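Okay, here's what each chain looks like letter by letter:
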Amino acid sequence: MLPQFDYARPDTLQDACRLLAANPDAARPLAGGTDLIFDMRLGKKSPALVVDLKCVPGLDEISFDADGAMRLGALVRTRDIELSDRIRQKFSALTDAIDVLASVQIRNRARLGGNLCHASPSADTPPALIALDATVEIAGPDGTRSLPLEAFFTGPGKTVLTAGEVLAAVTVPPVPAGGGSAYIRNTVRKAMDLAIIGVGAMLVLDRDGRCAKAGIGLGAVAPKPLRAHDAEAFLTGKQLDDATIAEAAKLARSIATPISDVRSQADYRADMVEVYTRRTLALALSRAAA
Amino acid sequence: MAKMTMEMSVNGELCEEEAPANITLLDFLRDKLGFSGVKMGCNMGECGACTVLVDGVSVNSCLMLAAEAQGKEVTSIEGLSKGTTLHPLQKAFAEFGGAQCGYCTPGMIVAAKAVLDENPDPSDEEIRFALAGNICRCTGYVKIVEAVQEAAAELRAKGGDHA
Chain A
26 MLPQFDYARP DTLQDACRLL AANPDAARPL AGGTDLIFDM RLGKKSPALV VDLKCVPGLD
86 EISFDADGAM RLGALVRTRD IELSDRIRQK FSALTDAIDV LASVQIRNRA RLGGNLCHAS
146 PSADTPPALI ALDATVEIAG PDGTRSLPLE AFFTGPGKTV LTAGEVLAAV TVPPVPAGGG
206 SAYIRNTVRK AMDLAIIGVG AMLVLDRDGR CAKAGIGLGA VAPKPLRAHD AEAFLTGKQL
266 DDATIAEAAK LARSIATPIS DVRSQADYRA DMVEVYTRRT LALALSRAAA
Chain B
1033 MAKMTMEMSV NGELCEEEAP ANITLLDFLR DKLGFSGVKM GCNMGECGAC TVLVDGVSVN
1093 SCLMLAAEAQ GKEVTSIEGL SKGTTLHPLQ KAFAEFGGAQ CGYCTPGMIV AAKAVLDENP
1153 DPSDEEIRFA LAGNICRCTG YVKIVEAVQE AAAELRAKGG DHA
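Residue numbers (this note's numbering), protein chains in the order written: chain A, 26 to 315; chain B, 1033 to 1195.
Quick caveat, the hints were computed from the structure, so don't treat them as lab data.
With a straight-line cut-off of 25 Å between C-alpha atoms, the simulated SDA-like cross-links for lysine to any residue are:
(1) B:Lys1114 - B:Asp1149
(2) A:Lys263 - A:Ser311
(3) B:Lys1104 - A:Pro35
(4) B:Lys1104 - A:Arg66
(5) B:Lys1175 - A:Ala216
(6) A:Lys79 - B:Leu1046
(7) B:Lys1064 - B:Glu1039
Predicted model only: the values in this text are computed from it and were never measured.
Please work from the sequences and hints to get the whole structure.
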């Protein structure tokens, strides 16, 4: 049996934040449960109060504004992102990441917000969303705040969320025509595995074929997902070819600080982050040019 | 920790049982409601043996609280057969050798039903991708894919799955 807990199912966001704020060390929010129940089973987490967010209205909507910017409520099921043709076409990096996230059964339960708040350094959605220049919206007892996704994570399993705060949504600016994105990862097994490295990339080309905008996110090579700012700055304004992509991949590698663990070695990860940055940039480029 | 009265529809019948908040849907189905066809494999969402449908979509019942399934429709392997008439998937698994020890089989068949509900004419690759969350130690998966294809053909001929 799981550890004992009380179960609350608030039907407003204020009530959810209030319950979490009132029990700072003892309450945990429940989204899809695929991480929380797993952690409780292994004894890593034992909340005395589980606050089920699934009855709070308005947290599970996928919406697009007139400019094509996307807003994903924190409780959007990863499976619904997977099945969205529009997201697959316009924000391919994100569907690439979700395609390889565990299994259909997990994706039918796992919510995007839960995946982000669990803050695994090797999670697949962060590098993809970081490359897409995503912003997070946080709701708390004192109001809401927003910050870039790469600033949301502070370490393995840790985010900037304080007691009573809940991730409310992720917003992604539109990828214009001439833009493409991708996420590729390396795993030991073909399925149901965690990434040993993962790279998300987004490229926007201007009419001369030069890079107008670049986004590069790295996963599993640091205590938290990284944004490769220097590599992005290097690519911006340049014609993209094998040489410029290779140089950007070197710059991405230079910020990675991978460790050796049960899945892979630090030096292999360091080599592979460069290889996979090249491959992901090449794929994003081919989609941008298409 | 209070006991809750959990109410949900399971295989078409309304079920109501008292249970603690910390019981998983898996344990609730097996221990409280007697649906022992739902199997516990890894108990952590990796093997798929515990797969059931909740409101028509496949889930690992070991990672879901019974409390979260309140008011929903749950379908387990027991819900696929009608009396003594096997579902085409069950028949095909038996005929094609898709089951050996049989332990993964209930979860595999329920997961396969979800695949065919969404995609009545899948390729082998699509079947394998969609069943990535179901592990089988015995068969090597070849016969499982063949059985799913056989069932898919029979269901297409029948005009759909009315289970």
